[in-house]
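Chemist: Spelled out from the first residue to the last, the chains are:
Number of protein chains: 2
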Amino acid sequence: MAKPVGRRGETRERVLRTALCLFRERGVGGASLQMIADQLGVTKAAVYYQFPSKDELVLAVVQPALDRLAEVVDLAEGIGEPDARRQAAVEGLIDLILDHRQIVATLYSDPAVAEVLDSHPDLGGLIERLRQLMFGPDPTPSRLIAAAMVGGGLISVGTEPLLADTAPDVLRRELRGAARLLLRD
Amino acid sequence: MAKPVGRRGETRERVLRTALCLFRERGVGGASLQMIADQLGVTKAAVYYQFPSKDELVLAVVQPALDRLAEVVDLAEGIGEPDARRQAAVEGLIDLILDHRQIVATLYSDPAVAEVLDSHPDLGGLIERLRQLMFGPDPTPSRLIAAAMVGGGLISVGTEPLLADTAPDVLRRELRGAARLLLRD
DNA sequence: GTCTATAGCCCGATAGAC
DNA sequence: GTCTATCGGGCTATAGAC
Numbered sequence: 001m002a003k004p005v006g007r008r009g010e011t012r013e014r015v016l017r018t019a020l021c022l023f024r025e026r027g028v029g030g031a032s033l034q035m036i037a038d039q040l041g042v043t044k045a046a047v048y049y050q051f052p053s054k055d056e057l058v059l060a061v062v063q064p065a066l067d068r069l070a071e072v073v074d075l076a077e078g079i080g081e082p083d084a085r086r087q088a089a090v091e092g093l094i095d096l097i098l099d100h101r102q103i104v105a106t107l108y109s110d111p112a113v114a115e116v117l118d119s120h121p122d123l124g125g126l127i128e129r130l131r132q133l134m135f136g137p138d139p140t141p142s143r144l145i146a147a148a149m150v151g152g153g154l155i156s157v158g159t160e161p162l163l164a165d166t167a168p169d170v171l172r173r174e175l176r177g178a179a180r181l182l183l184r185d
Numbered sequence: 001m002a003k004p005v006g007r008r009g010e011t012r013e014r015v016l017r018t019a020l021c022l023f024r025e026r027g028v029g030g031a032s033l034q035m036i037a038d039q040l041g042v043t044k045a046a047v048y049y050q051f052p053s054k055d056e057l058v059l060a061v062v063q064p065a066l067d068r069l070a071e072v073v074d075l076a077e078g079i080g081e082p083d084a085r086r087q088a089a090v091e092g093l094i095d096l097i098l099d100h101r102q103i104v105a106t107l108y109s110d111p112a113v114a115e116v117l118d119s120h121p122d123l124g125g126l127i128e129r130l131r132q133l134m135f136g137p138d139p140t141p142s143r144l145i146a147a148a149m150v151g152g153g154l155i156s157v158g159t160e161p162l163l164a165d166t167a168p169d170v171l172r173r174e175l176r177g178a179a180r181l182l183l184r185d
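Residue numbers (the working numbering), protein chains in the order written: chain L, 1 to 185; chain E, 1 to 185.
These aren't lab readings, by the way, just hints derived from the structure by calculation.
All values derive from a computational prediction rather than experimental measurement.
A hint or two may mislead.
Stated by the list, open to error - Below, in silico cross-link-like pairs of lysine-lysine (DSSO-like), each with a Cα-Cα straight-line distance of 30 Å or less:
| hint | chain 1 | residue 1 | chain 2 | residue 2 |
| --- | --- | --- | --- | --- |
| 1 | E | 44 | L | 54 |
| 2 | L | 54 | L | 44 |
| 3 | L | 44 | E | 54 |
| 4 | E | 54 | L | 54 |
| 5 | E | 44 | E | 54 |
When you get a sec, could you build the whole thing from the sequences and use the hints?
Modeler: Next comes the structure, spelled out in structure tokens:
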């Protein structure tokens with residue numbers, strides 16, 4: 001809704017950038033619309049003109065990463081051989097995390113986000129499909145553990161402040177190596 | 001459910017247990033003192049009799065894990081050889097996470113917790129010392145990445161709901177193996 | 001130790017002028 | 001598109017009776 005945002009929708013973009021920044025710093029629950037508005041130099045009501053509710057704003061902030069996740073899962077599921085399929089999922093996840101570090105950090109920063117995302121109809125199924133890809137059809141404990149380790153490790157590396165300035169291709173190479181080690185590809 | 005409490009200090013323990021449970025489910029910011037009191041069948045004021053503020057309650061809930069972390073760091077720092085030192089830190093961390101899964105999940109559930117902990121005088125230094133132990137004196141990017149991967153992976157495995165019923169010694173063995181792989185011990 | 005009651009603040013959200 | 005002004009509600013925290 002609200003696509004003809006006057007001209008160019010530039011304000012909307014500024015709100016999204018500022019919101020992402022504050023969500024990242026203070027968590028979604030800790031970043032009020034007042035803070036976002038103050039940082040932009042406008043009032044809360046101006047933000048409400050762009051987004052009908054805070055939930056909608058949160059959703060809009062994380063949407064790019066969700067779209068990308070859907071692409072990754074779709075692509076991986078199209079691969080027949082199980083190991084290659086999981087490998088495609090892992091590499092897609094790595095690229096996703098590196099391309100959307102701040103959003104991923106936001107997603108994992110606050111349980112309130114999970115609640116907002118539960119209202120997103122497709123997402124629950126999407127995550128379940130991702131789990132299937134990562135764990136395989138018959139998840140043994142050690143496979144579960146390895147997959148959880150990879151997932152958490154990727155996110156941790158992608159969001160670690162000390163690694164914020166590390167070149168993405170270095171990170172990508174190391175992460176692929178680490179995932180391969182843990183999953184014994 | 002609970003009836004008048006007989007012994008001294010028992011109520012305090014019940015508050016702590018209930019708070020941890022709710023913090024884990026809804027995040028610290030999402031769990032109000034009203035909810036905690038309701039679940040215990042008392043009023044907010046009764047909780048305030050036990051803890052002077054919500055921040056103090058949060059601190060008391062996570063204190064056991066912080067104490068344990070201090071032990072782990074102290075012990076590891078006493079080891080001279082760098083690789084053995086890091087190995088001791090990693091194994092101590094693994095045991096800590098397995099023994100305090102719920103607290104660790106709480107610690108990582110909400111940025112609000114980090115703010116509370118910043119008021120804890122010793123903790124900042126403690127985490128810095130842990131970083132030193134994990135990264136070593138001269139952290140190359142690939143060492144940084146491996147250490148971040150291990151840290152995030154351990155937490156992810158320790159808090160993954162699907163692994164809640166997995167035997168601790170299985171988890172411990174797998175986690176030690178994974179850490180050894182990644183850190184090339 | 002636990003209660004009732006309330007103060008005081010900030011939140012998300014809405015109404016309507018410009 | 002942005003503003004001022006306000007509403008209703010939940011929050012932490014306190015005061016004082018029992």
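Chemist: Now tell me, hint by hint, if it's right for this structure.
Modeler: Here's how the hints hold up against the structure:
A hinted pair counts as satisfied when its Cα atoms are at most 30 Å apart, and residue 44 of chain E with residue 54 of chain L qualifies at roughly 28 Å. Restraint check for residue 54 of chain L and residue 44 of chain L: the C-alpha separation of about 11 Å stays at or below 30 Å, so the hint holds. Under the criterion of a C-alpha separation no larger than 30 Å, the hint pairing residue 44 of chain L with residue 54 of chain E is consistent with the structure, at around 28 Å. Distance restraint check for residue 54 of chain E and residue 54 of chain L: the Cα-Cα separation of roughly 25 Å lies within the 30 Å cut-off, and the hinted pair is therefore satisfied.
Pair hint residue 44 of chain E plus residue 54 of chain E holds up; C-alpha atoms about 11 Å apart against a cutoff of 30 Å.
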